[in-house]
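Asker: Those letters in the sequence shown? Residues 1 to 168, by the numbering used here.
None of these hints come from the bench; they were simulated from the model.
Hints are not guaranteed to be accurate.
Below, in silico cross-link-like pairs of lysine to any residue (SDA-like), each with a Cα-Cα straight-line distance of 25 Å or less [stated by the list, open to error]:
# : residue 1 : residue 2
1 : LYS155    : GLN39
2 : LYS50     : HIS38
3 : LYS155    : LEU33
4 : LYS155    : SER71
5 : LYS50     : PRO36
6 : LYS155    : ARG16
The calculated label-pair distances, taken between Cβ atoms and stated as ranges, are [stated by the list, open to error]:
#  : residue 1 : residue 2 : range
7  : GLN39     : ALA9      : 12 to 20 Å
8  : PRO36     : PHE110    : 33 to 41 Å
9  : ILE146    : GLN39     : 21 to 29 Å
10 : GLY70     : ALA129    : 37 to 45 Å
11 : ALA12     : ARG125    : 14 to 22 Å
12 : SER27     : ARG55     : 26 to 34 Å
13 : GLN23     : ALA59     : 38 to 46 Å
14 : PHE67     : LEU157    : 36 to 44 Å
Glycine residues also receive a C-beta, built at the ideal position from the N, C-alpha and C atoms.
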Amino acid sequence: MASLIGLFAEEAQTERAYTALVQAGISPTQITLIGPTHQSLATAGLVDPKEQAQRRARAMALWLVPFGFGSGLGFSLLVNLNTFAWAGPLGNHLVGALLGAVGGGLGGLFMGGGIAVLNTEPTYRQRLAQGQGLVLIRTGLGQIRIARQALTSSKPLEIIESLEDETL
Numbered sequence: 001m002a003s004l005i006g007l008f009a010e011e012a013q014t015e016r017a018y019t020a021l022v023q024a025g026i027s028p029t030q031i032t033l034i035g036p037t038h039q040s041l042a043t044a045g046l047v048d049p050k051e052q053a054q055r056r057a058r059a060m061a062l063w064l065v066p067f068g069f070g071s072g073l074g075f076s077l078l079v080n081l082n083t084f085a086w087a088g089p090l091g092n093h094l095v096g097a098l099l100g101a102v103g104g105g106l107g108g109l110f111m112g113g114g115i116a117v118l119n120t121e122p123t124y125r126q127r128l129a130q131g132q133g134l135v136l137i138r139t140g141l142g143q144i145r146i147a148r149q150a151l152t153s154s155k156p157l158e159i160i161e162s163l164e165d166e167t168l
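Input sequences plus hints: build the corresponding full structure.
Answerer: Here it is, written out as structure tokens:
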């Protein structure tokens with residue numbers, strides 16, 4: 001199953017895109033209109049990749065930050081480096097532990113979601129609040145090309161394609 005999302009500036013454009021898709025031979029049961037007067041993201045079963053990445057990054061940081069703190073402290077105690085002489089013996093180990101925690105936080109950020117979390121693009125939810133509309137097409141690989149051509153003729157702001165439904 002493949003998915004295609006078309007983002008439109010106005011909700012009226014989503015309805016025109018729906019008509020173009022049906023005329024191109026895409027079954028109406030495979031097309032979902034998402035917007036203020038249509039279905040919501042939750043009822044359509046669409047998960048915003050940016051929001052999903054933020055949740056994963058927080059979940060990863062939840063255990064990586066304490067692990068990094070402990071690892072930084074352990075490493076500092078083990079090798080007994082005096083890198084931060086200005087902090088004294090105890091402060092030196094605490095600075096090492098804090099640097100380990102920062103490393104754990106960065107690990108959580110990049111392993112949990114990476115660049116998607118730092119992306120300044122608005123989420124689907126924010127775009128819908130601005131009055132924009134989404135057209136979601138879930139169909140087989142054979143019809144994705146036809147659906148893409150029909151969406152392109154409707155002049156969307158953006159088209160997002162996924163070969164597997166779970167990545168959307």
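Asker: Determine for every hint whether it applies to the structure shown.
Answerer: Hints and how they fare:
{"no.": "1", "hint": "LYS155 to GLN39", "result": "holds (21 Å)"}
{"no.": "2", "hint": "LYS50 to HIS38", "result": "holds (22 Å)"}
{"no.": "3", "hint": "LYS155 to LEU33", "result": "holds (16 Å)"}
{"no.": "4", "hint": "LYS155 to SER71", "result": "violated (52 Å)"}
{"no.": "5", "hint": "LYS50 to PRO36", "result": "holds (20 Å)"}
{"no.": "6", "hint": "LYS155 to ARG16", "result": "holds (10 Å)"}
{"no.": "7", "hint": "GLN39 to ALA9: 12 to 20 Å", "result": "holds (19 Å)"}
{"no.": "8", "hint": "PRO36 to PHE110: 33 to 41 Å", "result": "holds (35 Å)"}
{"no.": "9", "hint": "ILE146 to GLN39: 21 to 29 Å", "result": "holds (23 Å)"}
{"no.": "10", "hint": "GLY70 to ALA129: 37 to 45 Å", "result": "holds (42 Å)"}
{"no.": "11", "hint": "ALA12 to ARG125: 14 to 22 Å", "result": "holds (20 Å)"}
{"no.": "12", "hint": "SER27 to ARG55: 26 to 34 Å", "result": "holds (33 Å)"}
{"no.": "13", "hint": "GLN23 to ALA59: 38 to 46 Å", "result": "holds (44 Å)"}
{"no.": "14", "hint": "PHE67 to LEU157: 36 to 44 Å", "result": "holds (41 Å)"}
Going down the numbered hints, you'll see the structure goes against just number 4.
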